[in-house]
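Undergrad: Once you've looked at the hints, go ahead and assemble the two chains, each given alone in its own frame, into the complex.
Here are the chains, one letter per residue:
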Amino acid sequence: MSLLAPPPAGRRRLDARTLVTRLVTLSALRQYWGALLPLAAVLGVRGGSRTNGLVLVVAVVAVVALGGALVEWLRTSYGVEGGRLVVERGLLRRSLTVVPVDRIRGVDVHASALQRLLGIASVRVDAAATGGKEDEAVLDAVSAADAARLRDLLLRETAAVPGPEAGPLPPPPTPPQQLARFEPRWLLYAPLVGGYLLAPLAALGALANYADDLRLPLHLRRRVDDAVGARPGLTAIVVLAALVVVLAVLGAMVTAAVANWGFTLTRRGGTLVAERGLLSRRQVSLEHDRIRGYALAEPLALRAVGAARLTALVTGLGGSDDEGGTGRRGQLLPLGPVRVARSVAAAAVVRFDTPLRRHPAAARRRRLVRAVLPWLVPAAVFGAFGLWPGLVVCLVLAAAGIPLALDRYAGLGNAVDAVSVSVRSGSLRRRQVVLARRGVVGATVRQTFFQRRAGLATVTVATGAGSGGYAAVDIGAADAVALLRDIDPVRVAPLSTLAP
Amino acid sequence: MSPAARWLWAIQGTLLTVIVAAVVLGLSLAVPDDDVPHWFEVTLAVARGLLVPLALVAIVIEPLWRFRVHRWEVTADAVYTLEGWLTRTWRIVPISRIQTVDTSRGPLQQLLGLTSISVRTASHAGSTSIEQLPAPLAAAVAHDLGLRANAIRDEAT
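Residue numbers (our numbering), protein chains in the order written: chain A, 450 to 949; chain B, 80 to 236.
In isolation and in its complexed conformation, chain B is listed as follows (with noise of 0.2 angstroms):
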């Protein structure tokens, strides 16, 4: 996976944050003092307090301990992707189950050069994708993938 990828969930979590601090300041000085309800006043109180630790996960931790954990590989029977932080998932799709495999990248992928690639099969449980590829490998693992997924095609699905 590219080293932009971190950079790509950086910016992501960014946003987040961003959304997140919007609504919560917003509604600490939007709100009157007096007439609002202990309890609102509490939670708002707690939401403030928690926005720099969440920054700091989404933007940092969340993107270094993901880009740690994400690996994938293409045998000659199976795709294996892992990806996740905190919980983590494995998934396998064999080569000759593949029905479809589609590139895409979205407008922040495209600025920093990163595509991913999903892999289809009859079923949406046992699809996964590729994320976060520099744009050139993918292009060439998409490829390789469409090519032989047709060469061995097993209709058992």
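If we strip away everything but chain A, and leave its shape as in the complex, we get (with noise of 0.2 angstroms):
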């Protein structure tokens, strides 16, 4: 097939536009750098006059990056034949994606802050199997309109195909509906999670990295050097220290606001919709079937000021209630007040309204002994050799733990209803599960030599979604083959060989 010819019948290009984002973001250098480089030397140096020599240096590289963008755009070509979604691309290395619509997991649109000013998107397919990247079908880009025609049509003909009886829940109503919206002052939130404010505190560090690159003039660098020699006063220190404080604030919320401005989250038919982006928008999309339950998150800091995080535990999407990076893809709320988040998991999810069994006593007596033990050891070491200081730090640390102990027992709690099964743990990092009992695919009852002598033990459901396996831990040993019989009382009861 020559460059020039068109699409086979029925298929598509990518839109036109992309070739700007392309040429802008110089993205086909990427692939000739190697020849491009050795190029823009001889061409350097034989240029005769150094001006010269950068003009042509400039010049090949946008003709080389329009051109290469130009190819790539002639040569990929995409569509859906008999139910199938078929990406071909490449001129001398060709590829051929084809995605069966009906292992569509979810498909995700993208749209840069530059692709938002042509009106283009990119969209992302993710096709069942293990979740590696081989598995994903990408066009970058086409319309938003394409996009989003695109993205109705792949979910409705997945959602068109007779799914297992897996999902947890009844079917959904199919007018689009509104399940949340982010509020603007949920970002007052953001200074109190730890990813919002070390992001831009990173970034500070790399610019300062660089700046220390520049090579500041230097007579500025003495001046700076006077000032850093000088000894600074207790108000200079103070004020710089306030300065810090209210940086690193207003950096926390503004990363939170770029990540999370305008998230909306929305069901249509059969899939729940995420929405979210200051700069860039993302649209993501998730399969309500494949849905297995929520996680809750309400670390310590945002408990305090009654805010926490929701994230939906979806199979196929690992570590989907990370913090942060891969976790983004299955978040219902990023951020919100805890009322909030937990009307959308029940609108969203599942509702989950039955309290939570406590653990026994002894798990108490547990956490404080953990909590406390590993500093009295060095402790009494420090003591043993006088080093007074270290000693002073060591039992500090033991009393800190003892707060922090009883609120990790506070925390502990499960309970089953008729279709979940919930465990909470956790003090600084909380976090509450609600798994769907038919997402349940195996069980674990874990006991050390300790928690066989305080007739406890750890029981361990396991699902195919999430982080895979989510703990109640130091629940009472009876308790446990009691908590297991409830989950599956078919398959799970006759657990005879369980002798607490």
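Keep in mind that the hints were calculated from the coordinates and are not lab data. Since we're looking at a predicted model, the values are computed, not measured. Note that CB positions come from ideal geometry on N, CA and C, so glycine has one too. Be careful, since some hints might not be right.
Stated by the list, open to error - Stretch by stretch, here's where chain A covers chain B in the computed footprint (C-beta under 8 angstroms, at least three residues):
#1 169 to 175
#2 193 to 207
Said to hold, decoys possible - Take a look, some chain A residues computed to stay more than 12 angstroms from chain B by CB distance:
#3 V504
#4 S526
#5 E530
#6 D601
#7 L696
#8 A706
#9 R788
#10 D802
#11 A812
#12 A829
#13 I851
#14 D856
TA: Structure follows, in structure tokens:
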């Protein structure tokens, strides 16, 4: 097939405006970088005067970037044929990606700030498989309207295929229904989330490194050195510290705003669609049948102000309940009041109102021992050698462990209702997981030597979603059997070998 | 589980003991007596003293204890396993959720005629293994599990 031939019948090209983004980001250069660098060097040397050489280099770069993008655009085509999404691309290295529509797990639409200006968007199709990168088909980029059309087409066909009866929930209503909307005042919670607080600091660190590389003019550097070398007064230190705190708080809020601005969660037929982003917009869709439950994260700082984060547990989305990173894909509410998070969970996944059962008092003893003992041992060593500062530090940490341990114990809980099982644990990173009982694929009961003496056990329910297993920590040994029996009376009840 | 499992664990314990002993004794011989810090000498002495108890635990006590604890059972609905010695772990895998059934035999296991079956589900936490069965029994159990998992597969993974 010649380079200029139109795409085969039924197929379409990517949007021509893609060329602009390709040229601006110089993406084609990455491919030809190896060849371009020596070329640029030769031209730079041969080009007589330096300016001429530079102009020549820039011109070559632009031509290669545009040419590469043009070839890519001409040779990329996509279409939906016979229940399969087909993407063909490449001139020298050709590739053909075929994804059966009934295997499509989700369709993500992403538009960077530049793409939004141009009215185009990238589409990434997630196929049900091991979750590796090879299982995805990417269309970078099509017009915004085509992206929406494609998403509806692919997801509707997915929903039309009779799915497994695994869904923990009744079939959802068909008209689009907005379940959550991010309110700007929730950004006030952002400074309490480590990820948002650290991201701008990391950027600042990188910037400082860069400034160091810039080789400031000597006299300027000397002046800075003088200012730093001079002994700063107490006021200067206080002002500087206050400035750092204010900047960190603002930075966290800006980071959270960039990621979460205009977040909405909508139900469209059998899928949940989450949309977010201030500069670049990202739209993630999750198939309802693949949601096995949710995780409500209430880290200590967020809990203090009554806020939480909500994530769906989705099969095939590895680690979908992690903080940040891939966890973004399953997020149902990135940040918000816990009351809102609970109502979103009830509307989007499943309602769970059963109060959690407390764990036995032995669990509290164990929390205390585990929080305090590790500091008492080094304290004893420090004391024996007369290292008083070390002793004091260890004793303070041991004392701090007591309220932490009590809060950890207060966080422990488990419950089972008609459709779900729930476990909660943690203090600094408290998390409650609600999991469909039908989604439980196995269970583990674990007793260490000390747990056996205390009559406790840790029950882990396994599922193919989220992090794979969720633990009810230090439950009573007899309750462990009862919990498993409640979750799955048929298959788990004859658990005869569990002798507490 | 095959009684030969005890021999397997004892051999593994012996190998562990030999490696630890080689490191401890090697250090004791290689390090000169005079210019080492006091705490290092004390640590080495303690380690030498612990060698014999370690050997006793790893070669005799742990294998016998494990053999008393380990159990497995396959019912109409699920696979149950219990393993461990100090820390014990019970695992339940409903047969309808099984995705793959593999058997494996390491070199030592082949020597002793042992086979382990690993039963996997969609979740790592929900997978288990039936360790150290006599080879013919393992083959039969794995075959049977594979067939039944296929017959009553439930897609709720």
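Undergrad: Look at each hint and say if it fits the structure.
TA: To see whether the hints hold, each was checked on the structure:
no.	hint	in the structure
1	169 to 175	holds (count 7)
2	193 to 207	holds (count 8)
3	V504	holds, 58 angstroms
4	S526	holds, 34 angstroms
5	E530	holds, 27 angstroms
6	D601	holds, 25 angstroms
7	L696	holds, 42 angstroms
8	A706	holds, 36 angstroms
9	R788	holds, 31 angstroms
10	D802	holds, 23 angstroms
11	A812	holds, 17 angstroms
12	A829	holds, 16 angstroms
13	I851	holds, 27 angstroms
14	D856	holds, 26 angstroms
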